[in-house]
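Sequences listed follow chains A and B, in order.
Under the UniProt record's numbering, think of the first position of the first sequence as 1, with each following residue one higher.
Under the UniProt record's numbering, think of the first position of the second sequence as 1, with each following residue one higher.
Keep in mind the hints are simulated off the structure, nothing from the lab.
There could be a bad hint or two in this list.
A pair holds if it fits inside one copy or across any two, identical chains being indistinguishable in the list.
Within a straight-line C-alpha distance of at most 25 Å, the following computed DSS-like cross-link-like pairs (lysine-lysine) qualify [said to hold, decoys possible]:
#1 Lys41 <-> Lys170
#2 Lys187 <-> Lys41
#3 Lys35 <-> Lys3
#4 Lys40 <-> Lys170
#5 Lys128 <-> Lys40
#6 Lys170 <-> Lys3
#7 Lys35 <-> Lys128
#8 Lys128 <-> Lys3
#9 Lys41 <-> Lys128
#10 Lys3 <-> Lys41
#11 Lys187 <-> Lys128
#12 Lys187 <-> Lys35
#13 Lys35 <-> Lys102
#14 Lys102 <-> Lys187
#15 Lys40 <-> Lys187
Note that this is a predicted model, so its numbers are computed, not measured.
In case you want the letters, here they are:
Protein chains: 2
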Amino acid sequence: MLKLYDFLLSGNCYKVRLLLSLLGLEYESITVGLKAGEHKKPPFLELNPFGQVPALTDGAVVLRDSQAILVYIARRYGGTDWLPEEAAALGSVMQWLSTASKEIANTVATARLHYLFGTAIDITTVEKQSYALLQVMDQHLATRHWLASDRPTIADIACFPYIGLAADGKLSLDAYPHIVAWVERIKQLPGYVGMPGL
Amino acid sequence: MLKLYDFLLSGNCYKVRLLLSLLGLEYESITVGLKAGEHKKPPFLELNPFGQVPALTDGAVVLRDSQAILVYIARRYGGTDWLPEEAAALGSVMQWLSTASKEIANTVATARLHYLFGTAIDITTVEKQSYALLQVMDQHLATRHWLASDRPTIADIACFPYIGLAADGKLSLDAYPHIVAWVERIKQLPGYVGMPGL
C-alpha cells in the first residue's frame with residue numbers, strides 16, 4: 001500500500017494527492033504534524049532527512065520531494081501518459097518540474113507562506129518575481145493547452161497547486177487569462193480533487 | 001550539432017559541459033554575455049523566456065534549465081547508465097535533481113553569487129542554511145559512494161558543481177569528509193573536466 005506522509009494545506013503534498021486521484025490509486029494518508037515540528041524530528045527525519053513533506057513509501061521504496069514522487073508514481077503506475085519516455089519529451093516535462101521546484105517555490109508559494117503562515121520575507125521583491133513568473137507562464141500557455149505536451153503531464157500537476165493558490169498569497173491572476181484557462185482545464189480532468197483554497 | 005548557450009563561470013552551464021565531456025559528445029559552446037544582459041533580451045529570450053543560462057539546442061529540440069538538459073542528454077545519448085529507467089531508481093535520481101534545482105541553488109550557489117558577483121542577500125541566513133544542507137548530504141554520503149545509485153548518475157553531476165565550488169562562497173567543506181571524498185571521486189571519472197574554482 002502506498003503511504004503518503006501528508007499535510008492538508010501543503011501544495012506539495014496536494015500535487016501528489018492529485019496525481020494519485022487522477023490515476024485512481026488507493027493510498028494511506030498519514031498526517032505529519034507540522035505545527036508540532038514532527039517533520040524536523042525522528043522518525044520522520046529517517047524518511048526525509050531534509051525535514052519536508054511530502055514523503056512517500058511504497059513497500060521498500062522511500063522517496064522525498066514532491067517532484068520526485070510524481071516521477072515515481074507516473075513511471076510506476078501511469079504508463080507513459082503522464083511522463084513520456086522519449087528524450088526530448090522527457091526533457092520538456094523536466095523543465096517544468098524544475099520550475100515547480102525552484103521558481104514557483106521561491107515566488108508564488110513563498111508569498112502564500114507569508115500571508116497564510118506568517119513566514120518573514122521581503123514581500124515586495126517576492127511579489128515582483130511572482131508576477132514576472134506568471135507573465136512567462138501566461139505567454140507559454142497562450143499557444144498551448146498544457147505546459148509540456150499536447151496532453152496533461154506531471155509538468156502540469158507539479159506547477160498547478162501554487163499557481164492555482166495564488167490568491168492565498170494576495171496575488172491576482174486577472175492579467176493572465178491563459179493561466180486561468182489552464183487552471184480550469186486541470187479542474188475538469190476526470191478524477192480531479194481539490195484542496196482548501198482550490 | 002549540439003549547441004550549448006554557455007557561460008564559463010556558471011556552475012549550471014558547467015554541469016552540462018561536464019556530462020557532455022563524460023559522454024565524449026562534441027558540441028558548440030556559444031557564450032551568452034551575462035554582463036551585457038544578453039540573457040534578458042532577444043534573441044536569447046526566444047530560447048529561454050526565463051532568461052537564464054544554460055540553454056541547449058539539438059536540431060529542433062530547444063531546452064532550458066540545467067537539470068532538464070542533463071535529463072535530455074543522458075536519456076538521448078547516455079543509455080540508462082546516467083539516468084535509469086526503472087521507476088524507483090528514476091525517482092531516486094529525481095530527488096537530487098530537485099535538491100540541485102532548489103536547495104543547492106538557494107544556499108551554497110547563492111553564497112557564491114554574493115561573494116563572487118556582489119548579489120545582495122542575507123548572507124548569515126544563507127550560510128546557516130548552506131551548512132545544514134552540507135550536513136544532510138555528508139550523512140547521506142557516509143554510507144554510499146554516489147548520491148542516487150551504486151554508480152555515478154546525473155544526480156551527482158547536477159549537485160557537484162556548486163558543492164565543489166563552496167569555497168567561492170566562503171564556505172568550508174572541512175567538517176564534511178564524505179562530501180570531500182565524493183568530490184574527489186567525481187574528479188577521477190574518465191572524461192572529467194573542471195572549471196575555474198574546480
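Hint by hint, here is what the structure shows:
For the identical chains of this complex, Lys41 and Lys170 are neighbours neither inside a copy (32 Å) nor across copies (29 Å), given an alpha-carbon limit of 25 Å. Taking CA atoms no more than 25 Å apart as the test, Lys187 paired with Lys41 passes in neither setting, with 36 Å inside one copy and 35 Å between copies. Proximity of Lys35 and Lys3 under a CA criterion of 25 Å is satisfied intra-copy only: 21 Å inside one chain copy versus 48 Å between copies. In this homomeric assembly, Lys40 and Lys170 never come within 25 Å of each other (Cα to Cα): the closest approach is 29 Å inside a single copy and 27 Å across copies.
Taking the closest pair of Cα atoms, Lys128 and Lys40 come within 25 Å of each other only across two copies (16 Å); inside a single copy the shortest separation is 31 Å, beyond that limit. Taking the closest pair of Cα atoms, Lys170 and Lys3 never come within 25 Å of each other, the shortest separation being 33 Å inside a single copy and 41 Å across copies. In this homomeric assembly, Lys35 and Lys128 come within 25 Å of each other (Cα to Cα) only across copies, at 22 Å, whereas the closest approach inside a single copy is 29 Å. For a Cα distance limit of 25 Å, the shortest separation of Lys128 from Lys3 qualifies neither inside one copy, at 38 Å, nor across copies, at 32 Å.
In this assembly of identical chains, Lys41 and Lys128 lie within 25 Å of each other by CA distance solely across copies; the values are 19 Å between and 35 Å within a copy. Taking identical chains as interchangeable, the C-alpha atoms of Lys3 and Lys41 lie at most 25 Å apart only when both belong to the same chain, with a minimum of 19 Å there against 46 Å between chains. For the homomeric pair Lys187 and Lys128, neither the shortest alpha-carbon distance inside one copy (27 Å) nor that between copies (40 Å) is at most 25 Å. In this assembly of identical chains, the alpha carbons of Lys187 and Lys35 never lie at most 25 Å apart, being 29 Å within a copy and 43 Å across copies at closest.
For a Cα distance limit of 25 Å, the shortest separation of Lys35 from Lys102 qualifies both inside one copy, at 24 Å, and across copies, at 23 Å. With identical chains, the CA atoms of Lys102 and Lys187 are at most 25 Å apart within one copy only, with a shortest distance of 24 Å there and 27 Å across copies. Taking the closest pair of Cα atoms, Lys40 and Lys187 never come within 25 Å of each other, the shortest separation being 33 Å inside a single copy and 34 Å across copies.
Checked against the numbered hints above, the structure violates hints 1, 2, 4, 6, 8, 11, 12 and 15; every other hint is satisfied.
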